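Student: Sequence:
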Amino acid sequence: DKVYPLDVVFHGREQVTVAAGTFDCIILEPLAKEGGLFKSEGTMLLWVTDDEIKMPVKVKTKVIIGSIDAELTKYSGLAGELKAKKDN
Numbered sequence: 001d002k003v004y005p006l007d008v009v010f011h012g013r014e015q016v017t018v019a020a021g022t023f024d025c026i027i028l029e030p031l032a033k034e035g036g037l038f039k040s041e042g043t044m045l046l047w048v049t050d051d052e053i054k055m056p057v058k059v060k061t062k063v064i065i066g067s068i069d070a071e072l073t074k075y076s077g078l079a080g081e082l083k084a085k086k087d088n
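Our numbering puts the first residue of the sequence shown at 1, with every later residue one more than the last.
What the hints contain is simulated information worked out from the structure, not anything from laboratory work.
What follows is a set of in silico ranges between Cβ atoms, one per label pair, in the way DEER data are often shown:
id : residue 1 : residue 2 : range
1  : Lys2      : Glu29     : 19 to 27 angstroms
2  : Tyr4      : Asp87     : 32 to 40 angstroms
3  : Glu71     : Val8      : 13 to 21 angstroms
4  : Lys2      : Asp87     : 32 to 40 angstroms
5  : Lys83     : Ala19     : 16 to 24 angstroms
6  : Lys62     : Lys83     : 30 to 38 angstroms
7  : Tyr4      : Val59     : 16 to 24 angstroms
8  : Pro30     : Asp1      : 16 to 24 angstroms
9  : Lys2      : Lys86     : 29 to 37 angstroms
10 : Lys86     : Ile64     : 29 to 37 angstroms
Straight-line alpha carbon distances no greater than 30 angstroms define the calculated DSSO-like cross-link-like pairs of lysine-lysine that follow:
id : residue 1 : residue 2
11 : Lys60     : Lys74
12 : Lys54     : Lys2
13 : Lys54     : Lys74
14 : Lys2      : Lys62
Quick caveat, the model's predicted, so the values are computed rather than measured. No residue lacks a Cβ here, since even glycine has one placed at the ideal position from N, Cα and C.
Work the whole structure out from these sequences, hints included.
Tutor: Below, the structure is given as structure tokens:
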């Protein structure tokens, strides 16, 4: 396993409702490198919980063949308290 540095842009905060619940999130945009699966002119936006866990809740991205939208439907086995969940 290798760890690679990744620059990200912070786009703000948003409350997001998905099948797994409602969460306070931060919106991040990883800056993709040229080539590979992701288009350099496209964007990937990640919504992660605004707490210590930083659990991914939603993602939107463009790929060579179109786009991908994904949302969290369920979760289990967290290594800490999920403080960003609003409907506890």
